[in-house]
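Work the whole structure out from these sequences, hints included.
Chains as they are written, first to last, in our numbering: chain A, 1 to 360; chain B, 1001 to 1640; chain C, 2001 to 2294.
Derived by calculation from the structure, the hints in this document are not laboratory data. Keep in mind that the hints are not guaranteed to be accurate.
To be verified - Quick list of the computed label-pair ranges, beta carbon to beta carbon:
{"#": "1", "chain 1": "A", "residue 1": "166", "chain 2": "B", "residue 2": "1470", "range": "43 to 53 Å"}
{"#": "2", "chain 1": "A", "residue 1": "179", "chain 2": "C", "residue 2": "2087", "range": "42 to 52 Å"}
{"#": "3", "chain 1": "A", "residue 1": "179", "chain 2": "C", "residue 2": "2039", "range": "56 to 66 Å"}
{"#": "4", "chain 1": "A", "residue 1": "230", "chain 2": "B", "residue 2": "1609", "range": "32 to 42 Å"}
{"#": "5", "chain 1": "C", "residue 1": "2032", "chain 2": "A", "residue 2": "85", "range": "28 to 38 Å"}
{"#": "6", "chain 1": "B", "residue 1": "1496", "chain 2": "C", "residue 2": "2039", "range": "58 to 68 Å"}
{"#": "7", "chain 1": "A", "residue 1": "50", "chain 2": "B", "residue 2": "1587", "range": "55 to 65 Å"}
{"#": "8", "chain 1": "A", "residue 1": "345", "chain 2": "B", "residue 2": "1334", "range": "52 to 62 Å"}
{"#": "9", "chain 1": "A", "residue 1": "231", "chain 2": "B", "residue 2": "1639", "range": "33 to 43 Å"}
{"#": "10", "chain 1": "A", "residue 1": "32", "chain 2": "B", "residue 2": "1470", "range": "27 to 37 Å"}
{"#": "11", "chain 1": "C", "residue 1": "2032", "chain 2": "A", "residue 2": "87", "range": "32 to 42 Å"}
{"#": "12", "chain 1": "B", "residue 1": "1069", "chain 2": "A", "residue 2": "50", "range": "53 to 63 Å"}
{"#": "13", "chain 1": "A", "residue 1": "34", "chain 2": "B", "residue 2": "1582", "range": "50 to 60 Å"}
Note that CB positions come from ideal geometry on N, CA and C, so glycine has one too.
Read off the chains here:
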Amino acid sequence: MKTTDALILKKSDALMFFASVASKMRLIAPKRFFGGDVMFDVIESPKDIVWEYGHDIYPPKRFLLPHYEDMFRYKTGKSVEVEGGIEAPMQAIVGIRSCDVTAIRFQERFFSNPIVDPYYKARLDNTVLFSLVCGKPPRKECFCMCCDAGPYLDAGFDVQLTDLGDRFLVEIGNDKGREACAPGAYMLGKAQPKDFAERKQIELQADSLFETQAYIAKAINYISNNDVPEEVWEEIAETCFRCGACTNLCPVCTCYTVDEIKLADGSYVRSRSWDSCQFAGFTREASGYNPRPTPGSRILRRFYHKASYPYIVRDGRHGCVGCGRCVFTCLADLGVPTVIKRLRRAMPKYFEPQEKAAEV
Amino acid sequence: MDQILTTCGLCSCGCAMYVRQEGGRISGVSPSAHHPVSTARLCIKGWNALPALLGEERLRTPLIRKGKHLEPTSWKEAIAYTASSLRQCHPKEIGIIGSGKLTNEECYSLAKFARSIIKTPNVDSGSRFADASATGALLATIGTSASQVDLNTIAHAGSMLIVGANVMEQLPHIGSRILDAIENGCQIVVLDPRDSKLAPLASTYIHPEPGTDLLWMRALLRAILDLKLCTDSSTELLGFEELRNSLESIGPGQLAVDTEVVKEAAETIAHNPPLVVMFGLGVMQQANSSEIVKALANIATLLGGSIVPLRGQANAQGASEMGMAHDFLPGYGMLSDPTSRKFWGIVWDCELADEVGMSAVDMIQSGDLKAMMIFGENVALSAPNSKATSAALEKLDFLAVADLYMTETAKLADIVFPACSFLEKDGTFTNIERRAQCVRRVLEPIGESRSDLDIMADIAAELGTNMQRDPKKVLNEIATGVTLYRGISYEKAGESWGYQVPLNGVIPKLIPVSAVDVPEQDDAYPLKLVSSRAIFPQHTGSVACRSSVLAREYPETYAELGEADAEKLGLRAGALIKISSKSGTLTRRLLLSDSVRRGCIHVPHYFGGDSPNALASYECDPESGVPIYKGLSVKVEAVK
Amino acid sequence: MVLTAAKPRKMWGVTDQPSGNLYVPMIAVIEDIIDETPDTKTFRLAFEDKNYAKSFSFEPGQFVEVTVFGAGEAPIGFASSPLEKSFFELTVVARGKVTQAMHKLKKGGQVGIRGPLGNCWPLEEIKGNDILVVSGGCGLAPLRPAILQILANREEYGEFWLLYGARTPADLDFKYDLEKWKQREDMHLLQTVDIGCDEWDCDVGVVTVLLDKIKVNAKKTVALTCGPPIMIKFVTISLLRTGFSEDRIVTSLERYMKCGVGKCGHCCVNHVYLCTEGPVFTYQQMRSLPELKL
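The following block contains the structure:
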């Protein structure tokens, strides 16, 4: 943590500060809806920012990779005319947590290597993240500590805020963050050593409060070595309702399907929308052949993508940030921690070690 | 651009969801975290099927028949033609069928429209083809036609008795609570001729021969009484002795029941309170469905448990309570009751005769009707004997159909009205937990489509009467007239998670359950049909088939036979087979499966085209008039 | 040196972005349509933009995402010689929604093309070796560019066998090429069908049967194979038994694809996106993918 880049924002100035940020871009933050529901959404005023929330049911990834996204339109006829630009409004996502920031960095890397997805890039280029250090796990399902994705970050953030009671510690992580803070920079004071001491205290306090454990390292081991018998995956996946909620709400997941949609005026739009490897039709070919025909083979796929060495090598880290959303959104309780627990419990029952021959 | 909180209309769980639209298309959907049913979760249809409601084939203008074709026309012409066609009939020659997918306001208005404006007693709901058999039987026993418990209570059950229900696929949120209950040690007894997704979860799985559920339930009741498993208080309930006496006769068909297994099941559910009894279409569409429901209600009452009729369509419960039925007035007022008739006569400004009109089944098969109007129900596929039903509908002098898409029924119509989906109108749905919840308009109606309420009101206006079009005002009228819904308003329903219809605190009665003979096996039709519906299609599938995600999950349909039966018939896996009954024929590709009982063929519902309902005849449960779709006698042969 | 599939020189989205948007296709016009079999047609296409056509090139094994306007996109492998500059060909089996719609198009019709995508057969790396091409049914199409390139540089390769089988004589693709190749002295063409007919004078039986009829030196031969998964499986078993090392068996894998640029996830096998790191792999490379269960 570079002390030179750390500043202080008094809580009494916070509304003004974010209003000044809003002068250059739209604000997205956790917003209160009906009956206690909270979701990241575009807000009209910084007053609407909900700093503490529990189960948010629509991940902020949708502001970079929308649930349904029109890619381009075309008209058929004597000749084909293609039209379409990329909508990438300037936006600041305020109150996002370290898990989601880690996930966005993951997605950023995925969408720009080796081929650049222009839609994601355009949106991310125009997005600045004001993330908040979690003073306590927002929900009991959180396990970012198991995934090295929170509850606070040492790097990878644009602007990281820590709630120190009557003020925020503001750490600027990069130029984008610095530029976003520029309109309100006059409200930011210098941080003092005592601010850092308080911050450290909050970090350690947060670390101590987590309940859900995931044993991800063990899972990576089993899965990378292809040690988990098929029967284990089939037994675990038996109750899957195939709704796709886990992959929809996962801030790391990026798979999508593309549809050609005919509009009322006869023109067409090519639209992409979130898809899920948990659907049987995800890999079914036109001939009817399906390389992943069973629920077990599909849940194996999901966990291979989340926790295996080849993917860690590819993506720079494993594919789970411990946000806990797949835990509370699954109708069958097949979130990452539960599945890994069931894996561990089933291995001794099903795994039959091959007796090694004396000679090869 | 805003997120609109509305209630899902794809099943009776009634999840709350936030829906976003842009340019008339869905741009986002997510569940409510705090809603007591959705609890931050949706099922495959909730997450993925909404765009299918707004597909490119949505009917955008009214259509009028010119010779062999249906051609676009104006609303003015379509309404005028409808009104003039209706005027040419005597009211009793007109029949009106609604659907469990309409809002409460529309169901109530349909009953009013039929009885007071068209002045016909022939009004009924698509529920007649499905869950209407639960209504009379439950009212007679537990005093309410709805579930006595919330979904979250189901999660804390100590034991469950689930009969004839593919609940894990039909009502995923109940399925989720069943999984929760099992985590807490719940014991589950399941009766189903086929292994459904409940198979790995059940402590006892019984495969009754199709059509014999009543025998099993009577045996279970006998076991409960003989083993003295009933609660002390239940022995003092009204009807205890009569029930016991009615169980004494044991017919020859009783040999089909394994009494040891029954005793075990009885002890399981009696020793693990609280008990939740659930039953689905497997019961409600079976022969003697009303008797089976009474038996199930008795079981729940004797063991101090509760009962849940698994009605499937979004507003099947509300449709029933709004009096969209030939044999009830709103709030279950009886037509034979002069006070009820007088009351509704005043509210609706009309004379009501002591006359139970034709049920939906009779409307089709009697041949006595000249005109019909069908709102939102794909009768050509949901009614029995599709061949005869389609012929009957074609023979009508006038048929008007209101629907979202060109369904098999709409294809037969003289006038097709483009109706809008639950995303395009306001109203309320009553879910399976008796929660009347707000349905909110998310986007403007597609093309020129209108709500079913508006369509009725348009026809009424043309016939010279003004009907209330504002759903909120209709709800207020319901609040004043329907006791169950007293105090409801759109605002009230919207203040919290809906307005939960109260249980009246009626003390349950025990009802005698008669013995019924199992019909003789017909040698010409030696197999029994077991039909089911997977999670992908909703009802007849005319909406779900337009979802690329759902269509991708379920690309083709099939039939399943056990290996032994297939071998006996000389059939191999992958063969094209013909399944026929006295009423109809289906062609399917054969798969072999050991989840199907010996002597049975499993034919799941698909996305339209044809339906296993084609194999059913117009034979119905005598008490409720619901046709028998389950356990039909069929024969199977290879397609040459 | 261990043989692996080759990295291509050009790849849409990596080396160039002619339409300015990774997902927006370039327009090509159908110049000719050849009926290969009852369900297969070869479309001869040329880009509308003549400058782009000049700079466009591909290597054997690569594919494109074809847009049939109004229906959608489907991945189809190049089927013509990469040395041909004025057009390129795609051989399409009418199976799914998009390919069925494509079969309804006529000469002069427009399609969208995004490509070249994917990697290629390692034709440079295998120079000096004997070449054994084994193919079945519609699997000959992705191999045809390789065959034509080998024949155009014939002296750089040793013996050349082409083993090709289909269900019936009518189902053989590129009959006009097969006629010419039958006449050539510098290659051995063996054909077979599952079900013969009166005019058929070659073998009857599955294509693996043809392997028994030839003598190859496994140590200096490279096998290129493409066809139905079951055919590839049995061909591979047979070749391994003959003594081929795992890196000398090269195949083109097939998976359902959507974006073609390694983003949508449909074509993923373990950690490999078939559209960017495949579809051409050696058997040795495939063995490192547990999902293939080899």
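Here is what the structure says about each hint:
no., hint, in the structure
1, 166/A / 1470/B: 43 to 53 Å, "51 Å, holds"
2, 179/A / 2087/C: 42 to 52 Å, "50 Å, holds"
3, 179/A / 2039/C: 56 to 66 Å, "58 Å, holds"
4, 230/A / 1609/B: 32 to 42 Å, "35 Å, holds"
5, 2032/C / 85/A: 28 to 38 Å, "36 Å, holds"
6, 1496/B / 2039/C: 58 to 68 Å, "59 Å, holds"
7, 50/A / 1587/B: 55 to 65 Å, "57 Å, holds"
8, 345/A / 1334/B: 52 to 62 Å, "57 Å, holds"
9, 231/A / 1639/B: 33 to 43 Å, "37 Å, holds"
10, 32/A / 1470/B: 27 to 37 Å, "30 Å, holds"
11, 2032/C / 87/A: 32 to 42 Å, "40 Å, holds"
12, 1069/B / 50/A: 53 to 63 Å, "56 Å, holds"
13, 34/A / 1582/B: 50 to 60 Å, "53 Å, holds"
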